Amino acid sequence: MGEFKVHRVRFFDYMPTAIRAMAFNAHTERLALARMDGSVEIFNFTDHYFQEKVIPGKDSRSIESLCWVGGRLFSAGLNGEIAEYDLENLRPKYSLEAYGGPIWTIISNTQGTQLAIGCEDGTVKLFEVLEEHIQFERNLDRQKGRIISLSWHPSGTHIAAGMMDMIRVFDVPTGHAVQRLLVDRGFGGSKSRETVVWSVAFLSDHTVVSGDSAGKVQVWDGHTGTLVKTHLVTKWDVLALSVSKDESSVVAGTSEGTVIQFQFIAPTLHQQQDKEWVRTRTFKNHTHDVRALAEIETAIVSGGMDTHLVVRPLLEKFDEKSHASGLRKIHFPHVIANNINLSCAKKAGLLLFQFPGQLELWRLGDSDEHGKPGDRLPLKRKPEKLLLLKRKGEDHICCSALSSCGGWLAYSTVSSVRIYRLQTDNNNISITKVSKLPKALHSAHQLCFSSDSSKMFAASSQSSVLVIALTQSECKYVHTLKPKSGSRQPIHLMTTSGDGKWLAAANSDCEIHVYNLQKLKLHCIVPVYGSCPSAMGIHPTTNNMTVVHADQQLFEYSIVEKQYTDWSRKLQKQGLHNVWLDRDTPVTHVTFNSKNPNQVVLHDMHMFCIIDQMFIHPCPCHNGLIGFSGLFYNQMTLRSLSEQERPSHLHAFKICKTFQVSLLFLASLLDDQSLVVVERPLLAITSQLPAPVRQKKFAT
Amino acid sequence: KLDPLPLCLPHVKIKVPQKFLLCASGESVKVYSSSSEECVHDLQGHTDLVSGIVRNPSNHLQVYSCSADGTVRLWDFTDGILIKVQPHSLPRSFAIAASFFALCTVLVKLFQLVAVHLPLSGDQEVEARELSAVLCDVSPSGAASFGRKVRVVGLPGTSVANKFFLKSGNKKGAKNAFTCVSCHPKEDCIATGHEDGKIRLWRNFNQKKEYTYSTLHWHHGAVNTLQFTPEGTNLLSGGIESVLVQWHYTQENQKDFLPRLGGAITHIAVSPDGSLFCTSHSDNKITIIQSCVKVSAIIQGLVKGEGVRTDLTIDPRSKALVLNGKPGHLQFYSLHRDKLLYNLDIVQQEYIHEEGLDQFEVVKAAFDTRGNWLATVEERTQKGSELEINLKLWAYDEQTQSFMLNTTVTAPHEDQITAMCFSPSPETTMLVTISFDGHFKAWLLADHSDTKAEGACWSCDFVGGYHHLKPGCCCFSADGSLLAVGFQEVVTVWSPSWELLTTLSQPPGAIRDLCFGRLSCSKYLLGTSTKNQLCCWNLLTCSLEWSTPVDVSLLQADPLSENMAAFCSQSGCSDLFVFKPGEPRPLYSQKALCTGKVQRAVFAPRDQMLESCEEHAQWLNRSQLYFFTQHMDLMTFSTKTEEDRLLASSKRLMVDDSVAVTPFYLLLGKHRQQQEALTNPMAERIQLPQGSIAIKELLYTPAHVLPSASFLCSMFVRSLLISSSSAR
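Order-wise, the sequence lines are chains R and Y.
If you read the first sequence in the UniProt record's numbering, its first letter stands for residue 1, the second for the next number, and so on.
If you read the second sequence in the UniProt record's numbering, its first letter stands for residue 1, the second for the next number, and so on.
These are computed hints drawn from the structure, not numbers from a lab.
Please note that the accuracy of each hint is not assured.
[Claimed, not checked] Okay, derived cross-link-like pairs now, EDC-like style, lysine to aspartate or glutamate, Cα gap no bigger than 16 Å in a straight line:
1) R/K235 / Y/E252
2) R/K275 / Y/E187
3) Y/K186 / R/D274
4) Y/K597 / Y/D311
5) Y/K523 / Y/D479
6) R/K229 / Y/E252
7) R/K229 / R/D274
8) R/K93 / R/E81
9) R/K484 / R/D509
10) R/K501 / R/D452
11) R/K385 / R/D13
12) R/K385 / R/D366
[To be verified] Okay, the calculated beta carbon distance ranges per label pair:
13) R/P690 / Y/D196: 28 to 38 Å
14) Y/D196 / R/R185: 34 to 44 Å
15) R/T298 / Y/T47: 51 to 61 Å
[To be verified] Here are some of the chain R residues that sit facing chain Y, going by a computed Cβ distance under 7 Å:
16) Q263
17) R279
18) T280
Because the structure is a prediction, the values reported are computed rather than measured.
Backbone N, C-alpha and C fix where the C-beta goes; we use that ideal spot for every residue, glycine too.
With the hints as extra help, turn the sequences into a complete structure.
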């Protein structure tokens with residue numbers, strides 16, 4: 001595998017924020033997810049749950065609810081505004097004051113013509129969805145008390161509204177409340193407290209399902225306003241409800257962290273008419289409140305205070321055990337790990353950490369000693385924090401970059417880009433802001449410096465890349481590189497070659513454009529593969545580009561010859577090993593070993609891998625064999641074999657799973673053959689979460 | 001003819017048809033009256049373990065039973081009559097469950113699950129038999145951890161009576177293997193119990209791949225049994241916790257408990273009207289519960305614990321067999337009435353129903369000759385800590401008719417007590433205990449006249465040893481004048497004044513058992529050694545009289561005669577020899593008595609001496625020999641005359657089925673019959689012409705199509721008249 005001096009960086013105290021709301025678009029199979037800090041993430045469920053886009057948050061924005069109308073995404077929050085998002089430029093398109101106080105919920109009708117919001121002042125406001133805008137239409141009858149939750153009947157004629165202690169059913173054409181369903185309060189001490197109807201669901205047979213703060217899931221008849229069935233599921237709150245598309249199943253998320261499924265089942269085979277709602281399965285994948293839920297065709301997606309997004313497949317919907325039927329927990333957004341909130345100055349040994357509100361610059365520790373593999377080396381110089389840079393304005397930082405010489409630092413929010421000149425001599429560090437920036441550079445999705453730090457590249461709207469020349473005194477706009485395809489999707493990956501000749505940029509349409517930087521023009525387009533690229537890197541000597549996609553496929557593309565390399569073709573012909581393909585998290589970073597040009601260093605959130613192109617690839621034909629995964633991860637067995645036997649067991653993938661209990665953010669090879677590994681133990685994250693609700697555990 | 005007669009077998013399955021409780025017990029099915037707890041019938045006929053009982057749905061007085069011998073039998077359980085035997089053509093088949101909604105038996109044959117379809121037709125002679133292999137490659141449940149478990153489910157109302165679900169037994173190391181299954185009587189719902197204590201309710205399994213389940217969790221150990229009530233409103237479950245849990249169907253949050261039922265619950269049965277529940281327990285007990293609130297009756301067999309660690313002893317007063325019973329108890333079991341008398345709490349601590357806990361166990365018990373004193377030893381071994389031993393002495397209290405604790409000695413020895421016996425001499429009350437710590441101790445009942453309030457209590461009188469060797473066994477001679485203690489290879493003989501009289505030894509091999517001869521043979525001392533030696537020493541000459549090379553695992557002396565019983569283990573079987581120490585030839589021998597080693601045996605004195613004329617059965621005249629086989633079955637020897645008597649009594653038990661058979665009824669019924677016979681001895685009942693067409697017409701025609709009563713009356717009366725020709 002090769003031996004490296006490893007910097008295990010554990011001072012990156014990144015803390016993700018809780019999931020607040022979720023909306024699934026069944027048409028495009030995209031999941032929109034809102035976090036507490038106001039950021040919105042888009043996951044593509046057709047492409048291995050890949051996190052495609054992140055819209056950074058803003059201080060004053062809080063999102064309570066999300067809603068898709070066709071391909072458009074709307075949010076509403078406690079600041080009383082409705083916002084629509086520009087998913088191409090990853091920013092809010094506009095926001096609209098609703099004049100009803102804080103907004104608790106936003107929904108759309110199935111036709112996609114109207115939006116309804118529930119406000120603190122007790123009004124349900126209807127908005128008309130126009131081509132480019134939304135317009136206030138009218139209020140429904142104003143109620144006493146806030147509107148917490150809303151659900152539109154599929155026909156569009158009625159709306160159920162969850163309030164304090166009651167549920168109201170509105171007739172939409174007239175705007176009058178037609179039903180008043182009183183919800184019981186909890187028992188004992190909670191009797192004096194109002195019951196909050198956290199969530200309602202209106203089914204097409206006029207059944208209303210409600211979940212409330214007394215821990216009940218209740219089924220009502222919407223025609224007569226009578227209670228059909230009460231399921232007491234928890235002592236705490238039922239926070240979220242979600243209905244499956246065929247309305248045969250409802251899931252409820254509780255404060256205990258459980259997700260409880262209810263199904264509409266006939267008691268026997270012959271009595272299909274008198275179906276009833278029966279509590280069935282309980283899933284416990286969270287430790288804290290489940291705030292957001294979505295039941296999609298084959299899985300239940302849940303998220304909450306413990307910041308995890310969990311996709312729990314419904315096993316009965318699968319024919320056999322496959323990749324899709326495994327439980328997956330998406331711990332943290334992986335795009336964030338994708339070199340966006342971390343940069344490493346390879347020459348200077350500096351690390352830049354990006355937080356939503358600030359940037360931190362660290363210098364790595366140093367050691368002269370040498371030791372055996374596995375030893376901990378004593379540090380000559382401790383790692384130190386050189387700089388803490390707070391952002392200006394309300395918008396959160398969306399990307400940042402540090403040049404490899406360590407002399408330049410840049411970050412961008414949705415509204416502005418800032419570039420700083422850094423000077424470090426021994427222990428003194430000085431930072432100067434580059435005052436005059438080109439006008440074209442107003443925001444960037446991605447920032448990147450060329451390897452000689454003479455140029456900076458900023459990914460701009462419509463997949464274009466701005467080239468900025470950097471000199472000691474000023475920075476100057478040079479050119480805008482535009483793709484031929486006319487894609488409007490944002491660039492999420494950018495990398496330059498070591499010789500400064502090539503720039504590769506990947507966008508959410510799965511296109512990878514390679515630009516010639518000397519001619520400042522498009523060189524070629526890598527053949528489009530069906531899955532989004534999750535990481536890429538250009539080899540410093542051969543200028544071959546290694547691309548890893550969200551479905552774990554691996555390609556090597558020769559930029560000079562404009563075709564896949566032989567190694568890549570051979571690999572595709574043979575197929576990748578199942579153990580490799582079944583991994584949950586996509587590869588987030590690709591780097592190369594300058595000493596050994598055959599070695600490619602990859603990592604995802606949980607493992608670290610070196611691919612040696614000299615060796616044979618493990619054959620996928622052994623798939624069925626039990627214990628072959630052990631053969632795939634064979635570094636430990638290799639060590640125990642004798643020198644003669646070893647070559648026969650060698651293969652190209654060398655995987656290190658030391659980092660299974662922590663999250664790996666960055667593994668990068670410095671110029672002096674030392675490896676920087678930035679990790680964050682999962683335990684450190686869970687220990688910072690607030691205490692979960694108290695539960696009696698057996699035998700405690 | 002002498003035959004081993006099994007008294008108690010562990011396997012219990014139960015079924016409650018209203019007034020009677022049917023229970024599969026070993027190779028027979030026992031019928032109990034649910035009100036009087038009496039065993040009414042013993043349906044015998046199967047030749048292997050009975051694995052299931054089910055009522056005949058078309059006739060509620062009949063019951064089917066299936067057995068590992070591959071047959072299904074139909075019984076009339078009220079009369080105890082075998083009606084029909086349905087053999088299976090499959091040899092070595094093993095019927096595991098029977099479900100009679102479509103009259104279907106499921107058999108496991110050579111790891112194949114086979115469903116035998118018996119169409120329900122009125123005609124008993126013609127039987128179309130359909131045989132279909134449902135599933136191959138099935139390992140018997142619980143055999144292998146990797147094996148896939150099969151749930152066999154009979155569904156009411158569906159033509160296909162069986163549905164199978166396969167689920168890998170070890171999913172992510174979770175212990176979710178299936179342990180039991182029950183079907184909802186009305187809805188399509190199956191409840192399964194799992195090893196990790198969870199109960200899953202499966203629904204919607206008719207639609208392909210749309211099955212769903214909900215989970216109930218209360219049990220901390222494996223769920224042993226599940227049963228829906230006949231209306232389907234409740235689900236009953238039980239496990240090692242010995243708590244009967246009643247779950248309300250559809251409102252699973254609500255559950256009722258009936259705790260402290262005794263041993264772990266192994267089976268639950270519910271009567272057809274749902275008024276009676278019945279649980280069988282691992283300690284050979286059946287509890288009858290009235291509507292989940294009140295225990296109304298307990299049918300207790302010989303309490304079967306984890307293993308019997310005490311020797312079998314006979315209580316001289318009640319002539320009951322005394323051995324380990326409930327955990328921490330001694331049970332007194334009347335052999336003559338085949339009934340448990342009572343349990344004596346020795347440990348006097350709460351028993352916790354959980355696996356893997358080290359709790360006090362009674363390991364030794366001994367009575368003195370008159371039954372005034374009982375000595376018990378209890379011990380507890382905890383991992384990483386010292387052995388805890390208590391010696392307790394119990395005095396018989398005439399007033400309460402039971403044993404009262406007199407003295408407790410904590411840590412009487414430093415190591416395990418290996419043997420204990422009372423001195424039989426009438427002058428002193430002395431107990432000798434020997435232990436692995438190399439000592440034997442004599443305990444005397446000391447009268448402290450100065451402390452009047454205390455009364456008599458026990459104290460240590462003498463501590464003896466021999467060259468720091470570990471003693472293994474001890475024995476008093478019949479008059480109490482000699483004590484023999486075996487120290488490994490050496491037998492030491494002590495006088496009552498604790499003088500070492502002599503030592504005897506016959507190396508090699510440590511002494512395993514010691515026994516003094518009785519009556520005319522009291523000059524002999526017999527000993528067995530681990531190196532396959534049976535030696536007989538003459539105490540007058542202090543020399544070896546004879547020895548023979550047999551591997552004697554157990555030596556037992558009959559207290560009422562000179563006879564000795566020796567159980568020898570030979571090639572996996574046990575042989576029995578009965579001999580007199582003075583005579584060279586054995587009185588009786590039986591080869592291959594049972595498989596495995598015989599662990600415990602005892603001679604129980606008879607109430608009345610038998611006058612047996614057969615020569616080889618004369619050793620059974622004074623006392624009866626009981627022994628435990630390796631499978632913890634209690635066996636005994638009976639003579640031919642006894643067997644005849646048993647047969648006669650079982651015939652006498654067959655009585656009118658309209659009244660529950662209670663002892664009171666037996667008494668009264670006999671009395672009434674006699675009376676009847678006295679009052680009109682000559683009365684004969686005239687057979688009514690029941691087959692008459694007119695009566696049939698009157699009784700079986702639906703009421704709304706009947707002609708008027710006046711028309712029928714004359715016809716009916718005429719039919720009752722006896723025609724002149726037949727009268728003559």
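Verification of the hints:
1. R/K235 / Y/E252: Holds, at about 15 Å.
2. R/K275 / Y/E187: Holds, because 12 Å separates the two Cα atoms, which is no more than 16 Å.
3. Y/K186 / R/D274: 14 Å, holds
4. Y/K597 / Y/D311: 15 Å, holds
5. Y/K523 / Y/D479: 12 Å, holds
6. R/K229 / Y/E252: 14 Å, holds
7. R/K229 / R/D274: Given that 16 Å is the threshold and the Cα spacing comes to 14 Å, the pair holds.
8. R/K93 / R/E81: 13 Å, holds
9. R/K484 / R/D509: Roughly 13 Å separates the two Cα atoms, so the pair holds.
10. R/K501 / R/D452: Holds, at about 11 Å.
11. R/K385 / R/D13: 13 Å, holds
12. R/K385 / R/D366: The hint holds at about 14 Å.
13. R/P690 / Y/D196: 28 to 38 Å: Since R/P690 and Y/D196 have Cβ atoms about 31 Å apart, the given range 28 to 38 Å holds.
14. Y/D196 / R/R185: 34 to 44 Å: Holds, since Y/D196 and R/R185 (Cβ atoms, about 36 Å apart) stay within the stated range.
15. R/T298 / Y/T47: 51 to 61 Å: Given about 53 Å between the Cβ atoms, the range holds.
16. Q263: 5 Å, holds
17. R279: The hint holds - R/R279 has a Cβ within 7 Å of chain Y, the shortest such distance being about 6 Å.
18. T280: The hint holds - R/T280 has a Cβ within 7 Å of chain Y, the shortest such distance being about 4 Å.
Going through the hint list in order, the structure satisfies each hint without exception.
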